[in-house]
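J.: Okay, here's what each chain looks like letter by letter:
4 protein chains.
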Amino acid sequence: MTSDGAYEPKPEHKFSFGLWTLGNRGRDPFGDAVRPTLPPVEIVAMLAEVGAWGVNLHDNDLVPIDANGAERDRIVREFKKACSENGIVVPMATVSLFYDPVFRDGAFTANDPEVRAYALQKTMQAMDLGAELGANIFVLWGGREGVETDACRRADDAIKRLREAVNFLCEYNIDQGYGYKFALEAKPNEPRADIYMATTGHYLGFIPTLAHPEMVGVNPEWEAGKLFHIDLNDQMPGRYDQDLRFGSANLKSAFWLVKFLEDVGYQGPRHFDAHAYRTENHEGVKDFARGCMRTYLLLKQKAAQWNADREIQAILQEVSRPTPETPCIANYSSQGSRALLAHAFNRASIAKKRLPYERLDQLTVDILVGAR
Amino acid sequence: MTSDGAYEPKPEHKFSFGLWTLGNRGRDPFGDAVRPTLPPVEIVAMLAEVGAWGVNLHDNDLVPIDANGAERDRIVREFKKACSENGIVVPMATVSLFYDPVFRDGAFTANDPEVRAYALQKTMQAMDLGAELGANIFVLWGGREGVETDACRRADDAIKRLREAVNFLCEYNIDQGYGYKFALEAKPNEPRADIYMATTGHYLGFIPTLAHPEMVGVNPEWEAGKLFHIDLNDQMPGRYDQDLRFGSANLKSAFWLVKFLEDVGYQGPRHFDAHAYRTENHEGVKDFARGCMRTYLLLKQKAAQWNADREIQAILQEVSRPTPETPCIANYSSQGSRALLAHAFNRASIAKKRLPYERLDQLTVDILVGAR
Amino acid sequence: MTSDGAYEPKPEHKFSFGLWTLGNRGRDPFGDAVRPTLPPVEIVAMLAEVGAWGVNLHDNDLVPIDANGAERDRIVREFKKACSENGIVVPMATVSLFYDPVFRDGAFTANDPEVRAYALQKTMQAMDLGAELGANIFVLWGGREGVETDACRRADDAIKRLREAVNFLCEYNIDQGYGYKFALEAKPNEPRADIYMATTGHYLGFIPTLAHPEMVGVNPEWEAGKLFHIDLNDQMPGRYDQDLRFGSANLKSAFWLVKFLEDVGYQGPRHFDAHAYRTENHEGVKDFARGCMRTYLLLKQKAAQWNADREIQAILQEVSRPTPETPCIANYSSQGSRALLAHAFNRASIAKKRLPYERLDQLTVDILVGAR
Amino acid sequence: MTSDGAYEPKPEHKFSFGLWTLGNRGRDPFGDAVRPTLPPVEIVAMLAEVGAWGVNLHDNDLVPIDANGAERDRIVREFKKACSENGIVVPMATVSLFYDPVFRDGAFTANDPEVRAYALQKTMQAMDLGAELGANIFVLWGGREGVETDACRRADDAIKRLREAVNFLCEYNIDQGYGYKFALEAKPNEPRADIYMATTGHYLGFIPTLAHPEMVGVNPEWEAGKLFHIDLNDQMPGRYDQDLRFGSANLKSAFWLVKFLEDVGYQGPRHFDAHAYRTENHEGVKDFARGCMRTYLLLKQKAAQWNADREIQAILQEVSRPTPETPCIANYSSQGSRALLAHAFNRASIAKKRLPYERLDQLTVDILVGAR
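Chains as they are written, first to last, in my numbering: chain R, 24 to 395; chain B, 24 to 395; chain H, 24 to 395; chain A, 24 to 395.
To be clear, the hints were calculated from the coordinates, so they are not data collected in a lab. A hint or two may mislead.
One copy or two, either will do: identical chains are not told apart, so a pair holds if it fits within one copy or between any two.
As the list claims (entries may be wrong) - Once the Cα atoms are required to be at most 20 Å apart in a straight line, the calculated SDA-like pairs of lysine to any residue come out as:
hint : residue 1 : residue 2
1    : 323       : 389
2    : 323       : 394
3    : 376       : 344
4    : 210       : 221
5    : 33        : 289
6    : 375       : 344
7    : 183       : 375
8    : 309       : 389
9    : 309       : 31
10   : 183       : 144
11   : 210       : 263
Computed from a predicted structure; not experimentally measured.
Whole structure, please, built from the sequences with the hints as guidance.
T.: Below you can see the structure in the form of structure tokens.
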């Protein structure tokens, strides 16, 4: 990358990566791992080298699923030391409820009651781990909460089980005084054939039915004051789950996303949930991580330019300007409603008002490519 | 169709069609209309002929957008007479906020304040119309509530406008004593490039932020007690909005849907939001309508057979059976939580429990094709 | 399954499975293997048990990539013995050019010339292996022939490399007298972000540019006399590569496919390239295999019923009937062309001819569900 | 737009638009036309105003389907005059075989023999028209050549009919001495539920089966020397047919496309098959047209910069470098084949060679956003 300082990552940018992202070994459904295992403490050092601020983790990214208590404690101690020495924080923790075969039919929604109990136990232990490392966001991704055939259970039963599990975990959070915010993460149709909570919208509908809705948000979401965490990556549509370098598939979508986060003053971590191409070695993994952060900063600068562009702002103002005679609809009243019903609108003339969105969008393209 | 009585539609099945479905003229983005206009009163007669129970409508399916008051009253009078003579009811009404050019930038979320006011006025008048015809469900489909470029407005502003509009309409509903339930209908990515409320999940998240959430539900939805209306049709995935004859693209998905509606005791209308192929004339439109209802009834019978199948039920029971020693997770307590943390799970043996879902799904296929 | 003999698999049905299908261990991008390894000789016995006719294989399904010559020979000897004892044939062989990290940037199209040479060598050895086992179809799937970024090579260069490789292998086929037909297999967008030959159509365009086009066909294809092999499975659209039990996602699509194969008198193997759900153990794998074959036979019977249905055949005949005055367009001549230009067509009356396809399709549904 | 001359369209860029693109009235499946009709002669003037070079047309974009001979001749005369006065050429012509209801079941593949004959006649007349206007490319888009249900005809029969039709038209081309190149245009799944020739690959496989394959190519295609025409626009994946302003949905894909056309020295027209947002009036249509051309020229300049970038070129050279001992595979010989089989490859060391594609792709991003 060029050495222009404006695009160098700094702690105030709150750029974080998961252990599973830099540590990704490039295995896929048709191919073996292409990179050797990176121990967590080495990933922490690598994050410091490329200029990141934080590291996130699933329980088993750090502690093997069958480690005993003494092993677990040693591993955690060494990891905390590495974080401290490298100036890396742990903003978020999560739990793997998808990798082990025990979860092949789901975790919180599995038919087998023993699996459901074990999934809760494992999550509680992962919450303990995250709290010990200083995390205050806990992400839940229900990767196995779905089916291959609707024959095996009714969807409404499954969602009841999910609700009970999240309620249980909120109580544990209170009981232990951990102060976590939970962020529920949706992902459509992989790895199960049909996933119950396929979109963030589904979770936004689910949260108000919980016992402690104020404690639970989503990853990610826009308007409802519920954006507790965000995963940044990229994806070519209609493909499997690619997790490409941020901005590498669609620069313009990435631009609108960065602009949104900066416009609303998002204060949380900018977490990259992505991984390097399978063609890369560990040097290439660093290129990948640097590229994620650099593209974010390039787009952040362009968002500021867009907001400051006079022609753009003039268009936006013009298309939203009210006319003096437009009936007020801000608050309902019987009288106002009668006035609205009585008002004669000139539909044809309204339909002719100019809305120069092609121009607006081309100005955006010009800014994006540096031609303005 | 064969004349087997079990699959003949009857009023208790509550099969309804929209005026726009039987009246669809087969226009598409690349082709002209292929069928002549059917006047609403003739559609009502056709519905009676094929054995349907109800008819639904957008305001402008019945009353042209520029009809004056006298014309409007005459049209409504004749339509009520036709419904009454043919024994057809009007369970649902809705409003077109998408066809006229005035809505080219949205209706409730448009940038132009005058468009937003006009959209409210038009909806109030459509509510008046529906109430006069006896409807108690009012559907809102935000077909134009979206953008071609994110440059033209911020998504969070748009959703605020949408919320204010629905709140306003709820007040009007109360004020007029109409007793409507509102059903919000999602549809992804058509006709705008990006639609704000692309899934039912998005609406389920939106509803709790309203002033009168109890008055507002979705079309369609499963578990949250919010299923106020349902549209039945079919679709080949990854295509434009096809609205094919119910069950004609994927019989098995249609089966699970019918089974769900019957299992939960859904009491509302079975509304077919579909239309005949462009190759059909009006005789073919009747074939289309008969086929929708017949396939529903065929699948309803198969759902009953599935529920009564001993092998299927035995499998379902077996896969969900608890073991005596599984810790109880039904309600949270500190003590129960400690017991759960202390419990030693045998992960390997749990992972080996048999889950014969291939067999279960093949039994479903056997029932579907009549081989069982 | 019910014991009705008509739907029991027999050798004349030519049902085959890949070693990788019954042997699939249920690993996915987010989860570990759920079933123990099945040795190839046990898979052969299992195939005999469920009534299959043939077994297909990649080189490394049978012989590990780093086996030496003596190991290879012993493995092949034992496998041939198992096939012979169980009455199972090997109709098709193929080569893995996707699993080993050496192919992470492609095989025949890789940038590294050494990878391209190695890929050829490995394929020649797999051809030797298949010939020894009696296969006469050799499938090539270019799973890694693609890119994550177009920056790394030009697509036209890649396709030139692919052409040279296939030409080379055809020469080897001639030189060794193996008598193989090559079947090129397309698969869109997985595992690479963009795959060069994403559809069968791409391969049909590619084949005529080869040195020996008569030796090369596709897997699968319909009209061009090039259907050398077929993979049967199922898939919910818009998902990752699911390889579900045949007919389990969309019965109607499966029906049209079976009908097509039977109508054209396809003589090749009916090969199931699918695998059991991750929830299954080895008993469930047998359920899966039996279900694939049973559904094929159920649909084959329904295809015969469809072809024999008088109402269906009458509709088909009626919609295709010529009128005596229609100009003949069978062969071009200047005179005929002038006559055609001079003919006055009555567009409006042609557009009114009835095409009762809704009825035709509903009759198909009735046959499929056993209601006719 | 800024007035920087480098990005102003000039005749040598060969930018063309269809009458149907600037003349698009913004009708869609859910909405009425939003812009008044633009007469063809005014579109020609508008094209001259924005700096385009050519105009393309369907027969009925210019001549109404039921115009008589005298009307047709007058319209053509006036149009030629407008083209000549405005310095606009007609590089390509095509025929509408999709709009009129007569084609509701297909044109060349329709079941009704009279429709097939009429489709040929109409195409011959459109070829006459195009030849009179100076076009030397004739595009065929089979928009209706498909089905809603496979019940209505066999796909192999349909493709036979299509082949006969194209053969017939090639003979007419020869007979009349028109010198056309035919370009076959694919488009997946719209407006029919399933279209026979859904991809360019399908057409590339179809062309070699024709009587005059040298006369027929595709629109568009890359490597086979068959790129006779190209349509430029943009599209958000997984949506209906959007035809957005070139480069407005995915700048990076547009960049690779422009780079490819310039790298291979494509000499044909750069034809924009797109249209303005429904929110635009005729001034906005000009913005749209200017934006298409400007973005093409911006990306063309960036492609030149990419090709001249030393770091990029060094990486490309390095990753493709052969080693001296790699066996030669350029041409097959029995001896070379034995040498290849005997060569010992070091798989592990090959798999470790660095392929810095993340870096390469990020350099591309840097160039695209103007940060390099």
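J.: With reference to the structure, classify each hint as holding or not holding.
T.: Against the structure, the hints:
1. 323 x 389: both (15 Å within a copy, 14 Å between copies)
2. 323 x 394: For residue 323 and residue 394, the Cα distance is within 20 Å both inside one copy (17 Å) and across copies (13 Å).
3. 376 x 344: Classified as within; 11 Å inside a copy, 53 Å across copies.
4. 210 x 221: Both: 5 Å inside a chain and 15 Å across chains, each within 20 Å.
5. 33 x 289: Answer is within: at 16 Å inside a copy they meet the 20 Å cutoff, but 45 Å across does not.
6. 375 x 344: For residue 375 and residue 344, the Cα distance is within 20 Å only inside one copy (15 Å; across copies 50 Å).
7. 183 x 375: Neither: 51 Å inside a chain and 25 Å across chains, both beyond 20 Å.
8. 309 x 389: Answer is between: at 17 Å across copies they meet the 20 Å cutoff, but 30 Å inside does not.
9. 309 x 31: within (14 Å within a copy, 40 Å between copies)
10. 183 x 144: within (19 Å within a copy, 40 Å between copies)
11. 210 x 263: both (11 Å within a copy, 13 Å between copies)
Hint 7 from the list above is the single one not met by this structure.
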